[in-house]
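Engineer: Single-letter residue listing:
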Amino acid sequence: MSKEAIIKTNDLTKSFGAFTAVDKITFEVMPGEIFGFLGANGAGKTTAMKMLSGLLIPTSGKASVVGFDVFKQSEMIKKNIGYMSQKFSLYDDLTVEENIAFFGGIYGLRGDVLEHAQAELLQRLQLMDQSKKLVASLPLGWKQKLSFSVAMIHKPRLVFLDEPTGGVDPITRRQFWEMIYEAAENGVTIFVTTHYMDEAEYCSRVSIMVDGKIAAMDTPRALKDRFGAKNMDEVFYTLARGAKRGE
Amino acid sequence: MSLIVKNIVKTYEKGKVLAVDNVSFEVKQGERFGIIGPDGAGKTSLFRILTTLLLADSGEASVCGNDVVADFDKIRRISGYMPGKFSLYQDLSVEENLNFFATVFGTTVAENKHLIQDIYVQIEPFKDRPAGKLSGGMKQKLALCCALIHEPKILFLDEPTTGVDPVSRKEFWDMLDRLKNRNITILVSTPYMDEASRCDRIALMQTGKILAIDTLDNVIGSYKNKVFGVETKHMHQLSQFFKIHDAVHSCYPFGDTLHVTPKDALLKATELEASCKLAGFHDVVIYDLKPNIEDIFMNLMGQNNGI
Chain X
1 MSKEAIIKTN DLTKSFGAFT AVDKITFEVM PGEIFGFLGA NGAGKTTAMK MLSGLLIPTS
61 GKASVVGFDV FKQSEMIKKN IGYMSQKFSL YDDLTVEENI AFFGGIYGLR GDVLEHAQAE
121 LLQRLQLMDQ SKKLVASLPL GWKQKLSFSV AMIHKPRLVF LDEPTGGVDP ITRRQFWEMI
181 YEAAENGVTI FVTTHYMDEA EYCSRVSIMV DGKIAAMDTP RALKDRFGAK NMDEVFYTLA
241 RGAKRGE
Chain Y
1001 MSLIVKNIVK TYEKGKVLAV DNVSFEVKQG ERFGIIGPDG AGKTSLFRIL TTLLLADSGE
1061 ASVCGNDVVA DFDKIRRISG YMPGKFSLYQ DLSVEENLNF FATVFGTTVA ENKHLIQDIY
1121 VQIEPFKDRP AGKLSGGMKQ KLALCCALIH EPKILFLDEP TTGVDPVSRK EFWDMLDRLK
1181 NRNITILVST PYMDEASRCD RIALMQTGKI LAIDTLDNVI GSYKNKVFGV ETKHMHQLSQ
1241 FFKIHDAVHS CYPFGDTLHV TPKDALLKAT ELEASCKLAG FHDVVIYDLK PNIEDIFMNL
1301 MGQNNGI
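Listed in order, the protein sequences are those of chains X and Y.
Under the working numbering, the first residue of the first sequence is numbered 1, with each subsequent residue one higher.
Under the working numbering, the first residue of the second sequence is numbered 1001, with each subsequent residue one higher.
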């Protein structure tokens, strides 16, 4: 219930040799926000996300995620966040049930707790009849719903969504955003990346990374006003075309 | 005709999975033809059939007058192919990859340098770097150079912009624009609907079927449904309201605007606006809107799925 930031970074930096992938980024994400994390390819988004999700130790600076320190408590961070991407989500050749059990197990759910979470998830998604089916046979929209729900099976307060809608049809893409809204309304904080600029408009706040730094961060409305832009596509274009690296 | 596709069908797993469902279309010499559709539409299967890497279950196809089965070897010589997955040699340098592809096709980089000059200058500073160590944008440029180096008559580009940021996507299409005067036929696929505007003609594809095929302007012009643009500060609440609204067929968010398709095409924007205000949405502004490609795709998808 606290209004303390769920992600808090201060001059967070990651260097690989002489190359500074992420260069002193400072920002906060508040509970229940849908935070859009944008940037051109090579801007440093992936490196920043890896540090925030406990997969990569930063070079310098400070950051805490769900109350844990990224330098010293990365294992605790991993246990207390959810993660989903379009590229890596569910195992196609496991059944719905097996996928839920597998990911539930990874997130530390055991025995009755796991069974209960599994039943609840199937019920909520109305997938009871499909539980013995291979995930490969599900329509894309259902796969997405299942994958998002599985990423939250351990009821994390924060979920990282890495290009969750890449390559997805326009209806499923929008249905997915309804799920994001629903989760956010239930107090889950969403940290999302996307290459669809219309989706940037659905975020409470957006940051745009250019060459390892946060070049702009605000509500979509304020960013459009500041850059005199019609839409987020124009805002992104104005900022990212000035990028020096990546190419 | 540069490309003729007739009733192509492709299934997997002994006919259980229908990947390409009776697809037919033709592409003229020098035309840029876009296959627009999400993952699972059948785009890659179609590309593999046309590049002679996969046999169709039934149907016929020819590339520059060569049959995809009987004359497969001829097609391979005149085609440039950029697969969806990066498939250059990661441990060869930029320059080595380019030399390799030129040699395989019996030519040299020097002979055809003029074809790739515009693109190659952008990656030339990194010519000694292994291809695997390039950034996404540079890999894409190198892959295009390698596909072009033997002066193909036709280019097959399978999702060249997938996973690429909006700025790099624009740059990629600008590169294709510069090939215009070379009269190379380009078949290109993409899941990004907005890229339809960069093609001479498009086919909208979903679950193996072509839903529509024409120029973008004609696809939009032939759309019969009315679409309203709706602006409000209360997007989420208003879209919930439209879901149970008697006069509304569908409502989808498009960035900071909602697109609403009414059940009755005679409904006026002012009438819908009045009903929103009555329900307490006082800031709502509703106006007639020219539908865009996503509106149309979603509508066709609905019909295709029997909704």
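Hints should not be assumed to be uniformly reliable.
Said to hold, decoys possible - Here are the simulated SDA-like cross-link-like pairs (lysine to any residue), alpha carbons at most 25 Å apart as the crow flies:
#1 Y:K1028 with Y:K1233
#2 X:K132 with Y:G1015
#3 X:K244 with Y:M1175
#4 Y:K1028 with Y:Y1012
#5 X:K145 with Y:G1065
#6 Y:K1233 with X:A222
#7 X:K213 with Y:S1250
#8 Y:K1085 with X:A222
#9 Y:K1133 with X:E163
#10 X:K145 with Y:K1133
#11 X:K230 with Y:G1040
#12 Y:K1290 with Y:Y1223
#13 X:K50 with Y:L1176
#14 X:K3 with X:K72
#15 X:K132 with Y:Y1223
#16 Y:K1139 with Y:L1176
Said to hold, decoys possible - Take a look, some chain Y residues computed to stay more than 12 Å from chain X by CB distance:
#17 G1065
#18 K1170
#19 T1207
#20 H1236
#21 E1273
#22 S1275
#23 K1290
Unchecked claim - Some chain X residues well away from chain Y (every beta-carbon gap over 10 Å; in silico):
#24 G39
#25 A40
#26 G67
#27 E120
#28 Q130
#29 R157
#30 Y202
#31 M232
Derived from the structure by calculation, the hints contain no laboratory data.
Even for Gly, the Cβ is constructed at its ideal location relative to N, Cα and C.
Engineer: Against chain X, does E1273 of chain Y keep a CB gap of more than 12 Å to every residue?
Structural biologist: 21 Å, holds
Engineer: Taking the minimum C-beta separation from G39 of chain X to chain Y, is that value above 10 Å?
Structural biologist: 7 Å, violated
Engineer: Hey, K1028 of chain Y versus Y1012 of chain Y, does the alpha-carbon distance stay inside 25 Å?
Structural biologist: Distance ~30 Å between K1028 of chain Y and Y1012 of chain Y Cα, so the pair is violated.
Engineer: With 10 Å as the threshold, tell me whether M232 of chain X passes as away from chain Y on beta-carbon distances.
Structural biologist: 7 Å, violated
Engineer: Over 12 Å from every CB of chain X: does K1290 of chain Y meet that, or does the non-interface label fail?
Structural biologist: 15 Å, holds
Engineer: Does the no-contact call for K1170 of chain Y survive, Cβ to all of chain X over 12 Å?
Structural biologist: 8 Å, violated
Engineer: Minimum C-beta separation from R157 of chain X to chain Y exceeding 10 Å: can you confirm that?
Structural biologist: Non-interface label stands for R157 of chain X: nearest chain Y Cβ at 21 Å, farther than 10 Å.
Engineer: Given the hinted pair K1233 of chain Y and A222 of chain X, is their Cα-Cα distance within 25 Å?
Structural biologist: 14 Å, holds
Engineer: Sort out whether K72 of chain X lies within 25 Å of K3 of chain X, counting only the CA atoms.
Structural biologist: The given pair, whose Cα atoms are some 24 Å apart, holds under the 25 Å limit.
Engineer: For a C-alpha distance cap of 25 Å, please report whether K132 of chain X and G1015 of chain Y respect it.
Structural biologist: 22 Å, holds
Engineer: Does K50 of chain X pair with L1176 of chain Y here, judged by a C-alpha cut-off of 25 Å?
Structural biologist: Not OK: K50 of chain X and L1176 of chain Y at ~34 Å, beyond 25 Å, violated.
Engineer: Measure nothing beyond the straight line between the CA atoms of K1028 of chain Y and K1233 of chain Y; if it is 25 Å or shorter, mark the hint as holding.
Structural biologist: Not satisfied, since the Cα-Cα distance of roughly 47 Å exceeds 25 Å.
Figure legend: structure checked against the earlier numbered hints; hints not met, in rising order: 1, 4, 5, 7, 8, 10, 11, 13, 15, 18, 19, 20, 24, 25, 30, 31.
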